[in-house]
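> Taken in order, these protein sequences are the chains called H and U. Quick note on my numbering: the first sequence kicks off at 1 and runs consecutively. Quick note on my numbering: the second sequence kicks off at 1 and runs consecutively.
Hints may contain errors.
To spell it out: a stretch of chain H is covered by chain U in this simulated footprint if at least three of its residues, at any positions, have a beta carbon under 8 Å from a beta carbon of chain U; those stretches are [said to hold, decoys possible]:
(1) 15–29
(2) 51–61
Just some of the chain H residues that point at chain U, by a computed CB distance under 8 Å [what the hints assert, rightly or not]:
(3) Met1
(4) His42
(5) Val65
(6) Phe67
(7) Pro71
Hints were generated in silico from the structure; no laboratory data involved. Glycine included, every Cβ here is placed at the ideal spot set by N, Cα and C.
As a plain string of letters, each chain reads:
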Amino acid sequence: MKTVRKSIFPEAEDTWASIAARELTDTSQEDAVAKIQSWNLHVFARRAPDDDAPRAGNPILPSDVIFLEAPLTA
Amino acid sequence: MLDMIIKNGQIIDGTGASAYNADVAIKDGKIVEVGQIDQPAAREVDANGLVVSPGFIDPHTHFDAQLLWDGAAKPAIEHGVTTIVPGNCSLSLAPLKAEHRMKLVGMFNQIEEMPHIAFEEGVEWNWETFDEFVQRIKQDLMINVAPLVGHSVLRLWVMGQASMHRQADETEIADMQKLLRECLDAGAIGLSTSFVDMDERLQPVPSRYATPHELDALCEVLKEYDRILQVVHEFFDTDLTIARIDQLADLSRKHDITTTLSPLFVNADNFDGVDRIMSRIDEQMDAGARVWPQVQTRPIDISFCFAIPSLLFMRLRTWYSVIRFGTVESIVAAFKDKDQRAKMVAEAQPMMKLWQGLILRQVKTEANQQYVGKTLTQIAESRGTDALNVMIDLSLEEDLDAHFLAADMGHNNDAKVGSLLTHPNVMIGASDGGAHILSFSTYGDTGYLFSRFVRETPTMSLEAAVKKVTADPAEIWGIQDRGLLKPGYAADITIFDAKTIDRGEEYYVQDVPGDGYRYVRDSIGVNTVVIGGDIAYTHAEGYTDAANGQIIGGRA
Numbered sequence: 001m002k003t004v005r006k007s008i009f010p011e012a013e014d015t016w017a018s019i020a021a022r023e024l025t026d027t028s029q030e031d032a033v034a035k036i037q038s039w040n041l042h043v044f045a046r047r048a049p050d051d052d053a054p055r056a057g058n059p060i061l062p063s064d065v066i067f068l069e070a071p072l073t074a
Numbered sequence: 001m002l003d004m005i006i007k008n009g010q011i012i013d014g015t016g017a018s019a020y021n022a023d024v025a026i027k028d029g030k031i032v033e034v035g036q037i038d039q040p041a042a043r044e045v046d047a048n049g050l051v052v053s054p055g056f057i058d059p060h061t062h063f064d065a066q067l068l069w070d071g072a073a074k075p076a077i078e079h080g081v082t083t084i085v086p087g088n089c090s091l092s093l094a095p096l097k098a099e100h101r102m103k104l105v106g107m108f109n110q111i112e113e114m115p116h117i118a119f120e121e122g123v124e125w126n127w128e129t130f131d132e133f134v135q136r137i138k139q140d141l142m143i144n145v146a147p148l149v150g151h152s153v154l155r156l157w158v159m160g161q162a163s164m165h166r167q168a169d170e171t172e173i174a175d176m177q178k179l180l181r182e183c184l185d186a187g188a189i190g191l192s193t194s195f196v197d198m199d200e201r202l203q204p205v206p207s208r209y210a211t212p213h214e215l216d217a218l219c220e221v222l223k224e225y226d227r228i229l230q231v232v233h234e235f236f237d238t239d240l241t242i243a244r245i246d247q248l249a250d251l252s253r254k255h256d257i258t259t260t261l262s263p264l265f266v267n268a269d270n271f272d273g274v275d276r277i278m279s280r281i282d283e284q285m286d287a288g289a290r291v292w293p294q295v296q297t298r299p300i301d302i303s304f305c306f307a308i309p310s311l312l313f314m315r316l317r318t319w320y321s322v323i324r325f326g327t328v329e330s331i332v333a334a335f336k337d338k339d340q341r342a343k344m345v346a347e348a349q350p351m352m353k354l355w356q357g358l359i360l361r362q363v364k365t366e367a368n369q370q371y372v373g374k375t376l377t378q379i380a381e382s383r384g385t386d387a388l389n390v391m392i393d394l395s396l397e398e399d400l401d402a403h404f405l406a407a408d409m410g411h412n413n414d415a416k417v418g419s420l421l422t423h424p425n426v427m428i429g430a431s432d433g434g435a436h437i438l439s440f441s442t443y444g445d446t447g448y449l450f451s452r453f454v455r456e457t458p459t460m461s462l463e464a465a466v467k468k469v470t471a472d473p474a475e476i477w478g479i480q481d482r483g484l485l486k487p488g489y490a491a492d493i494t495i496f497d498a499k500t501i502d503r504g505e506e507y508y509v510q511d512v513p514g515d516g517y518r519y520v521r522d523s524i525g526v527n528t529v530v531i532g533g534d535i536a537y538t539h540a541e542g543y544t545d546a547a548n549g550q551i552i553g554g555r556a
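Chain H extracted, bound-state conformation (with noise of 0.2 Å):
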């Protein structure tokens, strides 16, 4: 099959940190960070529950597709 954009389901309360640390390894956190957010525009951009619902702060959820490169066509 062709190659498509590689992504991965979140773990157990995954967070951003989470998830750059376990695929960016190679990447310093901050920036791992910011890159992932950048691929996921459509989980970065939603708004993450109040500081005091469960999940606070997180808007990973997860049923999520979280992208871990940019659009293979950028």
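Since the structure of chain H is already known, use the hints to place chain U on it.
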């Protein structure tokens, strides 16, 4: 003696085979013969000059609520539809504990625009389980119903409030599996889930808090029953759609189940994206997966008036906050407030091209009838203002009862849409019948298929079009003994004029419980609709009191 004979029709049997002239004999709700028939019958229908085809199947609807007060799911039947699939997009009305009723009403209101008052005045809440719901809608059922059970309501039943903010543990997943089995035993044709929908708080619906592991576990149950998984995916993004296709393909191969995702739209800016999506579908189908994208026939258009929140304003924060929870009085006050109006006009200015193209479609005052059918650009020119301000002015003059049409907002390139509709790996669907009732009419997609893509463009043969809305969806969804004109099959039959079949003009009608409104379309060219061996509708006399609709639960 036969119960009914349909004489001298042009038979298009749903297989895609060429049309031929013959009679159809019906007995005990079944087709007993197709050919030259001389037996006597209690009733004879003359189909001379008309097409006789299997009844159409609409695989993507949200008629769940309407079925509680209207067993015909009007106006679906008059458009030739004899079987509908409600419960799509993770939302069904069962199983549902009493304490969650208002939550689900909120979701139906937010996602499908079904007014709260319709539930209050049109619904007697006398069910909790899926079986009880099925028994409830079976009373007075005229149309066949193949109901999906929604993933969000499974979670709500098992997890309660927690379904709206966390993943399930193994015990809860096992409970959901058990509950799904009960629903499938009671007649559910499959499971629906959503990766995109928001609830009434504008928070993700419960199904979006499910892990892939949870969905996989539910697909294990679908495998036991050979039932289907329906998904509404991130249809606005090509790469996300492809990722979902791959996810569904893996589930399909692992569990040997059929999956379908909807909708797939063609817009001016995504031709390449649609090609990439279909290329991936073809690859996955070739690799043994069953992943069927649903494509609707009609272009996207949206009608609105300011008395009702419209999808069109969701991205304009000030407008949406005024409209979403406002009353007529508060919205009028906002439009009349100089500062508030200025703020709203400024916010909507970047979308001026959209406002300029809007068509005024309905008003109540005599003075403004002269403008009906004209664009806001034309009206604005005659009044010496701009389209945005004339939209507000007209709304104020009509006490917000001025209706505007945003036509051709996408999915309107006939060549590209036609190439999808004829694609062997595409299912025609995604009508959304019964949903978005305050934004557009979701009825008449079958008529539009024949008028636009058989007669006018033309893109496909009459026989191919009939197959696409009869035998193909029956096979994909596991709807047994329907979709073909063949002895032994259910006598669900649509008789129509191939030269005129079409959808009528959209109009606004007050026929929803609680004096509510919706946009509908009448049918054109559909002569007679037979369901379960009885006439359910004729063009001449309208709906009958036949109530032969069945609950169809998929492959045995």
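> Now, for every hint given, state plainly whether the structure supports it.
Hint by hint, here is what the structure shows:
| no. | hint | verdict |
| --- | --- | --- |
| 1 | 15–29 | violated (count 0) |
| 2 | 51–61 | holds (count 4) |
| 3 | Met1 | holds (5 Å) |
| 4 | His42 | holds (6 Å) |
| 5 | Val65 | holds (4 Å) |
| 6 | Phe67 | holds (7 Å) |
| 7 | Pro71 | holds (6 Å) |
The structure fails to meet hint 1 from the earlier list, while all remaining hints are met.
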